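S.K.: Sequences listed follow chains A and B, in order.
For the first sequence, this note's numbering gives the first residue as 1, with consecutive numbering after it.
For the second sequence, this note's numbering gives the first residue as 1, with consecutive numbering after it.
You may find that some hints are simply not true.
A few chain B positions that, by computed beta-carbon distances, are all more than 10 Å from chain A [as the list claims (entries may be wrong)]:
1) E15
2) V24
3) Q57
4) F68
5) T72
6) S73
7) I79
8) Q83
Some chain A residues close to chain B (C-beta under 8 Å, calculated; not the full set) [claimed, not checked]:
9) Y31
10) Y33
11) K42
12) F45
13) S48
14) E56
15) S58
16) M89
17) R98
18) G99
19) E102
20) A103
21) F104
22) F105
23) Q107
Mimicking EDC-like on lysine to aspartate or glutamate, the simulated pairs with C-alpha atoms at most 16 Å apart in a straight line are [said to hold, decoys possible]:
24) K42(A) with E44(B)
25) K38(B) with E10(B)
26) K108(B) with E26(B)
27) K42(A) with D86(A)
28) K42(A) with E10(B)
29) K70(B) with D22(B)
30) K3(B) with E44(A)
31) K78(A) with D62(A)
32) K38(B) with E102(A)
33) K70(B) with D29(B)
34) K108(B) with E44(A)
35) K83(A) with D62(A)
36) K70(B) with D55(B)
37) K83(A) with E18(A)
38) K108(B) with E10(B)
Quick caveat, the hints were computed from the structure, so don't treat them as lab data.
The structure presented is a predicted model; accordingly, all values stated were derived computationally and were not measured.
Built from N, CA and C at the ideal position, the CB exists for glycine as well.
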Amino acid sequence: EPEVTQTPSHQVTQMGQEVILRCVPISNHLYFYWYRQILGQKVEFLVSFYNNEISEKSEIFDDQFSVERPDGSNFTLKIRSTKLEDSAMYFCASSVERGNTEAFFGQGTRLTVV
Amino acid sequence: AQKVTQAQTEISVVEKEDVTLDCVYETRDTTYYLFWYKQPPSGELVFLIRRNSFDEQNEISGRYSWNFQKSTSSFNFTITASQVVDSAVYFCALRNSGGGADGLTFGKGTHLIIQP
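Please work from the sequences and hints to get the whole structure.
M.R.: Here you go:
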């Protein structure tokens, strides 16, 4: 069964450093997403990506964040200068289309900023 | 703006009991989509079900059933004859159909504990 894969599973970084979280969406999916879950809290939408550009972004997704699809398979989330409050689980997801369809999530990358 | 409320923060039942997880949503859209996801202790998010606003038929899948009622803006999830493996955090989520509505709005989740 096809699945969304994320690497690494856990990343520890120092405050102020740049991090890149990587995702390989399901191959025939067209929409890609990043979500964030601070420990013990709800899952929050960050950004959606379609046709090589951002489709929608939330208030959380400020100038510190960027997304990219550098090749035909990978989808990345970059945090330019990490802050302590960026510590969270980051989920990548993908879906075939936008509305009447479910998004499938990866297993997540736990980012710890120290 | 849309909102999803899961009022039950934590539920603990003994194995084989039936349990219902509540979900109430708010949206101004007439077309929208509702979802349930399961997050087991391992942390991943597992898709369980999608429901469209124009389809109010209830659904049953094995021990799982979902009751969608537009009149009360609720989309409740029942597990029949619960098992220890059902222990997880369950999230209800909503997506509108309009522009600028790609992302899912999640509730805060209900932590379900099934005791042996």
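S.K.: Next, verify each hint and record whether it holds.
M.R.: Tested hints:
At roughly 25 Å from the closest C-beta of chain A, the C-beta of E15(B) stays outside 10 Å, upholding its exclusion from the interface. Non-interface call for V24(B) relative to chain A: holds, since the shortest CB-CB distance, roughly 15 Å, exceeds 10 Å. For Q57(B), the non-interface assignment is confirmed: its Cβ lies about 15 Å from the closest Cβ of chain A, beyond the 10 Å cut-off. Taking the minimum C-beta to C-beta distance to chain A, about 15 Å, the non-interface status of F68(B) holds against the 10 Å cut.
The claim that T72(B) lies off the interface holds: its Cβ sits roughly 22 Å from the closest Cβ of chain A, which is beyond the 10 Å cut-off. The claim that S73(B) is not at the interface with chain A holds, since no C-beta of that chain comes within 10 Å of its own (minimum 18 Å). Non-interface call for I79(B) relative to chain A: holds, since the shortest CB-CB distance, roughly 20 Å, exceeds 10 Å. For Q83(B), the condition that its CB be more than 10 Å from all CB atoms of chain A holds, with the nearest at approximately 22 Å.
Because the closest C-beta pair between Y31(A) and chain B is about 7 Å apart, less than 8 Å, the hint holds. At a threshold of 8 Å, the smallest CB-CB gap from Y33(A) to chain B is about 7 Å, leaving the interface hint in force. The restraint placing K42(A) at the interface with chain B holds, with a minimum CB-CB distance near 5 Å, inside the 8 Å limit. Interface restraint check for F45(A): the shortest CB-CB distance to chain B comes to about 3 Å, inside 8 Å, so the restraint holds.
For S48(A), the shortest C-beta to C-beta distance to chain B is roughly 4 Å, which falls under 8 Å, so the interface hint holds. Residue-level restraint check for E56(A) holds (minimum Cβ-Cβ distance to chain B is 4 Å; threshold 8 Å). With a cut of 8 Å, the hint placing S58(A) at the interface with chain B holds, because the nearest CB-to-CB distance is about 7 Å. For M89(A), the interface hint holds, the least distance from its beta-carbon to any beta-carbon of chain B being 7 Å, beneath 8 Å.
Restraint check, R98(A) versus chain B: the minimum CB separation of about 6 Å is within 8 Å; hint holds. A distance limit of 8 Å between C-beta atoms decides the matter here; for G99(A) the minimum to chain B is near 5 Å, and the interface restraint holds. Because the smallest distance between the Cβ of E102(A) and any Cβ of chain B comes to about 5 Å, under 8 Å, the interface hint for this residue holds. Satisfaction of the interface hint for A103(A) is found here, the shortest Cβ-Cβ separation to chain B being roughly 7 Å, below the 8 Å cut-off.
Nearest Cβ of chain B to the Cβ of F104(A): about 6 Å, under the 8 Å cut. The hint holds. Because the closest C-beta pair between F105(A) and chain B is about 4 Å apart, less than 8 Å, the hint holds. With its C-beta approaching chain B no nearer than about 4 Å, Q107(A) sits inside the 8 Å limit, and its interface hint holds. With a C-alpha separation of about 13 Å, the suggested pairing of K42(A) with E44(B) holds against the 16 Å cut-off.
Between the alpha carbons of K38(B) and E10(B) the distance comes to roughly 14 Å, so the proposed pair stays at or under 16 Å and holds. Under the criterion of a C-alpha separation no larger than 16 Å, the hint pairing K108(B) with E26(B) is consistent with the structure, at around 14 Å. Taking the CA atoms of K42(A) and D86(A), the gap is about 15 Å. The hint holds against a cut of 16 Å. Restraint check for K42(A) and E10(B): satisfied, since their Cα atoms lie roughly 14 Å apart, inside the 16 Å limit.
Simply put, K70(B) and D22(B) have alpha-carbon atoms about 14 Å apart, close enough for the 16 Å limit, and the pair holds. The suggested pairing of K3(B) with E44(A) holds, with an alpha-carbon distance near 12 Å, which does not exceed 16 Å. Distance restraint check for K78(A) and D62(A): the Cα-Cα separation of roughly 11 Å lies within the 16 Å cut-off, and the hinted pair is therefore satisfied. For the proposed pair K38(B) and E102(A), the alpha carbon gap of about 13 Å is at most 16 Å, so the pair holds.
A C-alpha spacing of about 12 Å is found between K70(B) and D29(B), which places the hinted pair at or below 16 Å, so the restraint holds. Among the hinted pairs, K108(B) with E44(A) is consistent with the structure: their alpha-carbon atoms are about 10 Å apart, no more than 16 Å. In summary, the hint linking K83(A) to D62(A) is supported, as the alpha carbons are separated by about 13 Å, within the 16 Å threshold. At roughly 10 Å between alpha-carbon atoms, K70(B) and D55(B) fall within 16 Å of each other, so this suggested pair holds.
Between the alpha carbons of K83(A) and E18(A) the distance comes to roughly 10 Å, so the proposed pair stays at or under 16 Å and holds. As the CA atoms of K108(B) and E10(B) are separated by approximately 11 Å, the hinted pair is consistent with the 16 Å bound.
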